[in-house]
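Turn these sequences into a full structure, and let the hints steer you where they fit.
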Amino acid sequence: MSYIETIGKYVGMIRRVFSRPERLKVYYTRTINEMMTIGLNSAGIVFILSVFMGAVVVIQTASNMDSPLLPKYTIGYITRSTTILEFSPTIISLILAGKVGSNIASELGTMRVTEQIDALEIMGINSASYLILPKILAAVLFFPFLIIFSMGLSLIGGYLVIFFTGLSSPEEYLFGLRSFFKVSDITYALQKTVVFAFIITSVSSYYGYYTKGGSLAVGKSSTDAVVWSSIVILLANFLLTQLILL
Amino acid sequence: MIEVKNVNKSFGDNHVLHDFSTEFVPGRVNLIIGQSGQGKSVLAKCIVGLMEIDSGEILYNGVNFSKMNRKERREIHKEIGMLFQGSALFDSMTVEENVMFPLSMFTKMTKKEMLDRANFCLERVNLSNVNKLLPSECSGGMQKRVGIARAIAMNPKYLFCDEPNSGLDPSTSILIDNLIQEITYEYGMTTVVITHDMNSVIEIGDHIVFIHQGRNWWEGTKEEILTTDNPEIIDFVYASKFMKTLKGRLS
Chain X
31 MSYIETIGKY VGMIRRVFSR PERLKVYYTR TINEMMTIGL NSAGIVFILS
81 VFMGAVVVIQ TASNMDSPLL PKYTIGYITR STTILEFSPT IISLILAGKV
131 GSNIASELGT MRVTEQIDAL EIMGINSASY LILPKILAAV LFFPFLIIFS
181 MGLSLIGGYL VIFFTGLSSP EEYLFGLRSF FKVSDITYAL QKTVVFAFII
231 TSVSSYYGYY TKGGSLAVGK SSTDAVVWSS IVILLANFLL TQLILL
Chain V
449 MIEVKNVNKS FGDNHVLHDF STEFVPGRVN LIIGQSGQGK SVLAKCIVGL
499 MEIDSGEILY NGVNFSKMNR KERREIHKEI GMLFQGSALF DSMTVEENVM
549 FPLSMFTKMT KKEMLDRANF CLERVNLSNV NKLLPSECSG GMQKRVGIAR
599 AIAMNPKYLF CDEPNSGLDP STSILIDNLI QEITYEYGMT TVVITHDMNS
649 VIEIGDHIVF IHQGRNWWEG TKEEILTTDN PEIIDFVYAS KFMKTLKGRL
699 S
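So the sequence lines, in the order shown, correspond to chains X and V. To convert a position in the first sequence, counted from 1, into the working numbering, add 30. To convert a position in the second sequence, counted from 1, into the working numbering, add 448.
If you are wondering where the hints come from, they were derived from the structure by calculation, not from laboratory data. Every residue, glycine too, gets a C-beta built ideally from N, C-alpha and C. Any given hint might turn out to be false.
In silico DSS-like links for lysine-lysine, alpha-carbon gap of 27 Å or less [said to hold, decoys possible]:
| # | chain 1 | residue 1 | chain 2 | residue 2 |
| --- | --- | --- | --- | --- |
| 1 | X | K242 | V | K519 |
| 2 | X | K39 | V | K493 |
| 3 | X | K55 | V | K580 |
| 4 | V | K519 | X | K39 |
| 5 | X | K242 | V | K580 |
Have a look at the derived ranges for each label pair, beta carbon to beta carbon [claimed, not checked]:
| # | chain 1 | residue 1 | chain 2 | residue 2 | range |
| --- | --- | --- | --- | --- | --- |
| 6 | X | R50 | V | M541 | 43 to 49 Å |
| 7 | X | R45 | V | L582 | 29 to 35 Å |
| 8 | V | D564 | X | L70 | 32 to 38 Å |
Beyond 12 Å from chain V on every Cβ pair, some chain X residues (computed) [as the list claims (entries may be wrong)]:
| # | residue |
| --- | --- |
| 9 | R53 |
| 10 | N94 |
| 11 | L124 |
| 12 | V143 |
| 13 | Q146 |
| 14 | G154 |
| 15 | Y160 |
| 16 | W258 |
| 17 | S260 |
See below:
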């Protein structure tokens with residue numbers, strides 16, 4: 031299938047996803063459940079990654095600051111800027127593309143090959159909307175909280191390194207964190223997160239929903255979902271950075 | 449009644465259905481039989497709208513289903529119950545939730561009413577005390593019966609069963625066949641069963657359509673199929689050594 035056909039099919043699926051739902055109450059319940067499955071259940075991995083990510087950024091920044099003219103608080107400043115602008119929204123989204131994306135694709139793929147999606151269609155239910163819309167809504171609403179959580183934890187991870195290694199004083203690090211702070215950085219990061227959340231859930235759903243074949247095909251859909259979600263996230267990141275920051 | 453008129457369906461160069469026509473009348477168990485790869489499942493999927501036909505017409509009680517768009521088809525889909533080959537129960541839901549699912553989507557019943565209806569349907573398929581089990585905790589035969597219970601939950605006018613006996617032992621197969629027949633007569637549904645199980649043909653085949661090379665090769669009753677001299681049907685019916693031996697003894 032050509033890329034143009036794939037994009038056309040994806041757009042067609044999105045149109046079906048956003049068509050009028052059958053029962054709003056059912057969708058509400060499903061969205062809450064999906065928040066638990068794809069949002070809250072990802073908090074653990076986000077916690078671990080973020081703490082270590084912040085710690086490594088502090089070490090890397092400190093080890094590259096050769097000039098004595100650079101004040102030590104620069105470590106805190108650079109850690110905050112890189113974490114908020116890139117590491118938390120982009121790297122964590124890429125990790126979530128792996129965890130959540132493969133989960134969504136394999137769930138929908140299994141439903142497809144075991145005819146559960148056909149069963150929904152036969153009942154007269156818009157299966158794309160019923161299955162995919164709650165996942166998209168859950169991710170778009172919940173991922174920003176995960177990313178804010180990640181930002182905070184990264185900065186704490188950096189603080190712990192500073193505290194235990196003495197690369198700079200904790201006061202200087204905290205001063206750096208507060209220096210030249212712009213609220214727009216957070217807004218920019220959250221805007222990116224919302225777009226990435228949509229990409230992760232919709233692209234993964236596309237590969238899962240259109241799985242053809244048996245269990246091998248489910249595995250392939252899962253891999254394709256992670257690969258293409260990641261590629262589209264990187265492209266979108268580039269475009270959004272151009273659009274919002276420049 | 450379901451009417452299939454001159455239906456053609458191809459996948460690229462592979463012409464699966466050739467000018468296929470037949471009628472399925474209410475209150476009878478209609479069987480679509482034939483060897484594997486002859487187009488039985490494709491025909492069934494075309495009739496229920498899971499696949500689009502290339503040409504021809506499919507009419508439900510005179511309404512042209514094949515010309516409808518997805519939204520228009522929903523109203524007819526609500527009148528269709530389907531038992532899938534692998535049961536297609538929703539893994540994440542319990543037996544009870546599976547049966548209640550179509551009710552929760554399309555009716556304004558209270559939870560108690562839905563539960564009563566689910567229990568009635570489960571009892572109708574001879575299942576009790578399984579409400580809280582997950583499909584993975586049920587045997588193949590139980591899953592099929594839950595599938596039937598879910599299919600009849602909305603009181604459908606049309607019931608489709610795709611190879612209801614696949615993977616089941618002979619006695620459970622007979623149980624499922626009899627259940628399908630009883631429900632069909634009781635509710636006056638138009639039932640279409642896709643099978644290649646000769647036991648089902650003899651047990652419940654009120655109207656049998658034999659599909660061969662994508663064509664409607666033969667139609668008749670279970671009595672007629674045993675006496676026909678059509679060579680393709682003879683090859684199909686007496687394919688096994690058991691049937692050949694039986695035929696030899698009877699003759």
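Going down the list of hints, with the structure as the test:
no., hint, verdict
1, X:K242 with V:K519, "24 Å, holds"
2, X:K39 with V:K493, "21 Å, holds"
3, X:K55 with V:K580, "23 Å, holds"
4, V:K519 with X:K39, "18 Å, holds"
5, X:K242 with V:K580, "32 Å, violated"
6, X:R50 with V:M541: 43 to 49 Å, "24 Å, violated"
7, X:R45 with V:L582: 29 to 35 Å, "34 Å, holds"
8, V:D564 with X:L70: 32 to 38 Å, "35 Å, holds"
9, R53, "6 Å, violated"
10, N94, "49 Å, holds"
11, L124, "28 Å, holds"
12, V143, "9 Å, violated"
13, Q146, "5 Å, violated"
14, G154, "3 Å, violated"
15, Y160, "8 Å, violated"
16, W258, "26 Å, holds"
17, S260, "27 Å, holds"
Against the hints set out earlier in the document, violations occur for numbers 5, 6, 9, 12, 13, 14, 15.
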